[in-house]
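Visitor: Given chain A, work out where chains B and C should sit, using these hints.
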Amino acid sequence: MIYREAGQFKTSYASDQMVFPILQDRWCIAAIILLAYAIPLMANEYWLQAILIPFLIFAFAAIGLNLLVGYAGQLSLGTGGFMAVGGYMTYKITTSFPDLNIIVVFLLSGLLAALVGLIFGLPSLRIKGFYLAVATLAAQFFLGWIFNKVGWFYNYSSSGTITAPPRKMFGIMIAGPQASAEVRYLVALTLVVVFALIAKNLVRGKVGRAWMAIRDMDIAAEIIGIRPLQTKLLAFAISSFYCGVAGAMTVFLWLGSAETEAFDIFLSFNILFMVIIGGLGSILGSFLGAAFITLMPIFLTNAPPLFGLTMPIDTQKHIEVMIFGSLIIFFLIVEPNGLARLWQISKEKLRLWPFPY
Amino acid sequence: MLYNVLIAPFVDMAGSPVFFAEVVIGGLLTGVMYSLVALGFVLIFKASGVFNFAQGVMVLFAALTLVGLMERGAPVWLALILTVMVMTALAFAIERIMLRQLVNQEGIILFMATIGLTFVLQGLGETLWGSNVKALDVGIPNQSFEVGGILLNEFDLFAAASGAVLVTVLAIFFHYTRIGRALRAVADDHQAALSVGIPLKSIWVIVWSVAGVVGLVAGIMWGAKSGVQFSLSLIALKALPVLILGGFTSVPGAIVGGLIIGVGEKVAEIYWGPLVGGAIENWFAYMLALVFLVFRPQGLFGERIIERV
Amino acid sequence: MSESHARIGGTLLKVENVSLSFGGVQALSEISFEIREHEILAIIGPNGAGKSSMLNVINGFYHPQDGVITYKGETRKQMRPHHAAATGIARTFQNIALFKGMSTLDNIMTGRLLKMHRHFLWQALYWGPALREETEHRAAAEKIIDFLEIQAIRKTPVGRLPYGLQKRVELGRALAAEPDLLLLDEPMAGMNVEEKEDMCRFILDVSDEFGTTIALIEHDMGVVMDISDRVIVLDYGRKIADGTPDQVRGNPAVIDAYLGVSH
Numbered sequence: 001m002i003y004r005e006a007g008q009f010k011t012s013y014a015s016d017q018m019v020f021p022i023l024q025d026r027w028c029i030a031a032i033i034l035l036a037y038a039i040p041l042m043a044n045e046y047w048l049q050a051i052l053i054p055f056l057i058f059a060f061a062a063i064g065l066n067l068l069v070g071y072a073g074q075l076s077l078g079t080g081g082f083m084a085v086g087g088y089m090t091y092k093i094t095t096s097f098p099d100l101n102i103i104v105v106f107l108l109s110g111l112l113a114a115l116v117g118l119i120f121g122l123p124s125l126r127i128k129g130f131y132l133a134v135a136t137l138a139a140q141f142f143l144g145w146i147f148n149k150v151g152w153f154y155n156y157s158s159s160g161t162i163t164a165p166p167r168k169m170f171g172i173m174i175a176g177p178q179a180s181a182e183v184r185y186l187v188a189l190t191l192v193v194v195f196a197l198i199a200k201n202l203v204r205g206k207v208g209r210a211w212m213a214i215r216d217m218d219i220a221a222e223i224i225g226i227r228p229l230q231t232k233l234l235a236f237a238i239s240s241f242y243c244g245v246a247g248a249m250t251v252f253l254w255l256g257s258a259e260t261e262a263f264d265i266f267l268s269f270n271i272l273f274m275v276i277i278g279g280l281g282s283i284l285g286s287f288l289g290a291a292f293i294t295l296m297p298i299f300l301t302n303a304p305p306l307f308g309l310t311m312p313i314d315t316q317k318h319i320e321v322m323i324f325g326s327l328i329i330f331f332l333i334v335e336p337n338g339l340a341r342l343w344q345i346s347k348e349k350l351r352l353w354p355f356p357y
Numbered sequence: 358m359l360y361n362v363l364i365a366p367f368v369d370m371a372g373s374p375v376f377f378a379e380v381v382i383g384g385l386l387t388g389v390m391y392s393l394v395a396l397g398f399v400l401i402f403k404a405s406g407v408f409n410f411a412q413g414v415m416v417l418f419a420a421l422t423l424v425g426l427m428e429r430g431a432p433v434w435l436a437l438i439l440t441v442m443v444m445t446a447l448a449f450a451i452e453r454i455m456l457r458q459l460v461n462q463e464g465i466i467l468f469m470a471t472i473g474l475t476f477v478l479q480g481l482g483e484t485l486w487g488s489n490v491k492a493l494d495v496g497i498p499n500q501s502f503e504v505g506g507i508l509l510n511e512f513d514l515f516a517a518a519s520g521a522v523l524v525t526v527l528a529i530f531f532h533y534t535r536i537g538r539a540l541r542a543v544a545d546d547h548q549a550a551l552s553v554g555i556p557l558k559s560i561w562v563i564v565w566s567v568a569g570v571v572g573l574v575a576g577i578m579w580g581a582k583s584g585v586q587f588s589l590s591l592i593a594l595k596a597l598p599v600l601i602l603g604g605f606t607s608v609p610g611a612i613v614g615g616l617i618i619g620v621g622e623k624v625a626e627i628y629w630g631p632l633v634g635g636a637i638e639n640w641f642a643y644m645l646a647l648v649f650l651v652f653r654p655q656g657l658f659g660e661r662i663i664e665r666v
Numbered sequence: 667m668s669e670s671h672a673r674i675g676g677t678l679l680k681v682e683n684v685s686l687s688f689g690g691v692q693a694l695s696e697i698s699f700e701i702r703e704h705e706i707l708a709i710i711g712p713n714g715a716g717k718s719s720m721l722n723v724i725n726g727f728y729h730p731q732d733g734v735i736t737y738k739g740e741t742r743k744q745m746r747p748h749h750a751a752a753t754g755i756a757r758t759f760q761n762i763a764l765f766k767g768m769s770t771l772d773n774i775m776t777g778r779l780l781k782m783h784r785h786f787l788w789q790a791l792y793w794g795p796a797l798r799e800e801t802e803h804r805a806a807a808e809k810i811i812d813f814l815e816i817q818a819i820r821k822t823p824v825g826r827l828p829y830g831l832q833k834r835v836e837l838g839r840a841l842a843a844e845p846d847l848l849l850l851d852e853p854m855a856g857m858n859v860e861e862k863e864d865m866c867r868f869i870l871d872v873s874d875e876f877g878t879t880i881a882l883i884e885h886d887m888g889v890v891m892d893i894s895d896r897v898i899v900l901d902y903g904r905k906i907a908d909g910t911p912d913q914v915r916g917n918p919a920v921i922d923a924y925l926g927v928s929h
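Protein chains in written order, with my numbering: chain A, 1 to 357; chain B, 358 to 666; chain C, 667 to 929.
Chain A with its partners taken away, still in its complex shape:
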């Protein structure tokens, strides 16, 4: 009853194609965005630093990976590597050109990541499926090695770590040791909102349709005139751009400093989990999946004390890992189309609520 769409007619194609065609949805999104911006007033440092900022960054990366895997159907396990490109190149560019606005540097390193993604995406014309996934692992390991070995990337520091130098924008410190968690959160939030909208625009237009056509049946797509190589390469490039910017955000807006371990294969798997659990081919799903994976370890760490259970840290860690794995399996069994599909189903039920049929 609350969620009824009756009476909302679309009188133009443009209004039918809006991101949120239903009025209630528009209100909800506006409320969520307002709430998101208001959070720094309420949340404490821990929540911002340990939960919200990583959530935003992971959502950003998950959107990027979803574009490649969920929409274009190209399985990639190299996400960590592309994020590393973003992180390290941002460091390099900003230390070489300290006066350049840091957000601009983010975008530039995103473009560099896109270029790298383009190169590693070239095999996708000949290789498909799992073979392609393993090929992207080549990107992951090679990039991880290069940022470790080649001193130029980390300005020859002896530890191999890159550290975010202090950077201001509009007079406020947004990166570096003195940047407050609130400011960093707001910057990340803005980037996420803007680029999520861009991603949504891409997928509901001709680019998204071309990607989905290649995903669903690439031979038929080729026959109706879609060029497979260009379409796939565009997917790799845009996806890597997103991952690169996410990597830059990781170093500059979250961790403050990083080594190649921060961008290892486990990160790639994590982002892939987010995409799959959240829902392949769904921008909303990327957010839901990121939330799930970010919150779950925290929940698992904090839940046992609530039940009065105490265990040695070691055992607890191992059991957490087990539960994490089991939850993933459970999830894939129950809803292989991800949280986004569950959300869709509940919306359908909401339309009729409180009438069961």
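It cannot be assumed that every hint is accurate.
Below, simulated BS3-like cross-link-like pairs (lysine-lysine); rule was C-alpha separation at most 30 Å, straight line [what the hints assert, rightly or not]: (1) A:Lys317 to B:Lys582; (2) C:Lys821 to A:Lys10; (3) A:Lys92 to A:Lys168; (4) C:Lys781 to A:Lys10; (5) C:Lys781 to A:Lys200; (6) C:Lys809 to A:Lys200; (7) C:Lys821 to A:Lys347; (8) B:Lys582 to A:Lys149; (9) C:Lys809 to A:Lys10; (10) C:Lys781 to A:Lys128; (11) A:Lys200 to C:Lys821; (12) A:Lys349 to C:Lys821; (13) C:Lys766 to C:Lys680; (14) A:Lys347 to C:Lys766; (15) A:Lys128 to B:Lys558; (16) A:Lys128 to C:Lys766; (17) A:Lys200 to A:Lys317; (18) A:Lys200 to C:Lys766; (19) C:Lys766 to A:Lys349; (20) B:Lys491 to A:Lys317; (21) A:Lys10 to A:Lys200; (22) A:Lys10 to C:Lys766.
Not everything, but these chain A residues come out facing chain B in the computed CB check (under 10 Å) [unchecked claim]: (23) Ile29; (24) Val69; (25) Pro123; (26) Arg126; (27) Gly129; (28) Phe130; (29) Val134; (30) Leu137; (31) Phe269; (32) Leu272; (33) Thr315; (34) His318; (35) Val321; (36) Leu327; (37) Val334; (38) Pro336.
Honestly, the hints are just simulated from the structure, not real lab data. We put the beta carbon where it would ideally sit given N, CA and C, even for glycine.
Guide: Below, chains B and C alone, put in the same frame as chain A:
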């Protein structure tokens, strides 16, 4: 510079052939170990179409169980039998709890489920048996000896021999037995296999058990060589380029692929590694596989996928 | 008999001595025929005769070892899929090749992809030129949806549609490209009588209203005889007859190979 990359390494190789032979043989033997792990992958993929990322952790889990049992006083032969039983029980559990629910889902979903399984088995193994490095000694002879000036090791030869035996047995099994044929049918199409009466559930239990035993053999080899520890599960990642080279569905491919990767890696690391600071082994196998894929997308022995409209 | 008979024009597509083999299998042997503008040509023959392969050659999906294809005056040894699509060849497939993850509307819109030129950066903003282009093509897609009477299912993911409707959507996607040459591979396979009648009506309407040249593979002889202007018969990769439906019906070679004699 170009001289260093293109000429010098070969000069080195020719200059000390004995050392080169040792490097190659070392590579071959490592390759056999990779092949053992890849074999488990191939089995499961061939028979159930599932890309079992958990194969690596199954190697670890099998080795952990074996060592754990031996630590508690079981003699080697008993520990081996018990471990095989444990792996079979594990296969039952996996089939019941996971595979049955995911019949005919898309490949990527099954793949992600096996990654989840990896976490579960890892956590379980470490909870049950602890996470310290353990030494594993099942009594395989470990003497070094010389042949024609080249240093060899009994252990390595034993590993190679076991690999060869396993492969032969499995190859015969797949091609000539009724069960083998049923396994191939299942790999092609779950629902079609069901419709001709092939008992999917039993097939899967069989396959995963066999893969578990293969994993145990691999675990013994690796564990005896470098101790049983967490990093063993990462071997799975190395087995992937082997699969690419050999083709995901080919038993001989796993062997040949493993050997090529093993030798390639070692040679690259020793002769070209120093030029770029070492640790080439991290990614060389993948690059090699990648280049290979571009020319032959289905691997050396894999099945050509013909697409029809 | 088709009413567009009178409008039949010059040669649109000509295939000369095309041979195609896969390894040891000879799919097509020295096939020559032509398709004239505005006509409806039926390609018939037993299973495995090479009919789908012939369409695939015209599309550029298969590359023949021998022979040439002349389309709109240009002669080439092989077609390229992108070029075929860009110069007005569209088709449907024997085993429906719809994009199962997308809705009916989206599938039909993919048919218009070649006509959408706005750069992806404009797409990212979804405003101004990109929005205008999107709306314009949406209108064109809606016209086809109206024509095929599938308004009710426009937002349904095609994977959920019954077979007959899927075939209709696939026709819609081909029509969306505003093709000059429409290739239909067994458009009525698996349909009941009513659905076949609907499909026939659509095909004839397409020919009448848009003047599209149509080549179709079909097994239902009633349909073939009714709607086609000319018929080509293939058997084991060779052409064994070429003429009007009546001519082909009486041809002894065709009767032997395919039609059989009524008792």
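Visitor: Hint validation: valine 334 (chain A) versus chain B, beta carbon distance must be below 10 Å. Holds or violated?
Guide: holds (9 Å)
Visitor: Per the CB criterion, is phenylalanine 269 (chain A) less than 10 Å away from chain B?
Guide: holds (6 Å)
Visitor: For lysine 781 (chain C) and lysine 10 (chain A), compute the direct alpha-carbon distance and say whether it is at most 30 Å.
Guide: holds (25 Å)
Visitor: Mind checking the alpha carbons of lysine 491 (chain B) and lysine 317 (chain A) for me, to see if they're no more than 30 Å apart?
Guide: It holds: about 20 Å lies between the C-alpha atoms, which stays within 30 Å.
Visitor: Between lysine 200 (chain A) and lysine 766 (chain C), does the CA-CA distance stay at or below 30 Å?
Guide: Distance ~20 Å between lysine 200 (chain A) and lysine 766 (chain C) Cα, so the pair holds.
Visitor: Next item in the hint list is glycine 129 (chain A). Is there a CB on chain B closer than 10 Å to its CB?
Guide: Where the cut-off is 10 Å and the nearest Cβ of chain B is about 7 Å from glycine 129 (chain A), the hint holds.
Visitor: Next item in the hint list is proline 336 (chain A). Is there a CB on chain B closer than 10 Å to its CB?
Guide: Since chain B brings a Cβ to about 5 Å from proline 336 (chain A), closer than 10 Å, the hint holds.
Visitor: Against the 30 Å threshold, does the CA-CA distance of lysine 128 (chain A) and lysine 558 (chain B) hold or violate the hint?
Guide: holds (29 Å)
Visitor: Is lysine 317 (chain A) within 30 Å of lysine 582 (chain B), Cα to Cα?
Guide: holds (28 Å)
Visitor: Regarding the pair lysine 10 (chain A) and lysine 766 (chain C), is the alpha-carbon distance no greater than 30 Å?
Guide: holds (26 Å)
Visitor: May I ask you to test the interface hint for leucine 137 (chain A) with respect to chain B, counting a Cβ-Cβ separation under 10 Å as satisfied?
Guide: It holds, given that the least Cβ distance between leucine 137 (chain A) and chain B is near 6 Å, below 10 Å.
Visitor: Is the interface hint for threonine 315 (chain A) satisfied, with its Cβ closer than 10 Å to some Cβ of chain B?
Guide: holds (6 Å)
Figure legend: structure checked against the earlier numbered hints; hints not met, in rising order: 13, 17, 23.
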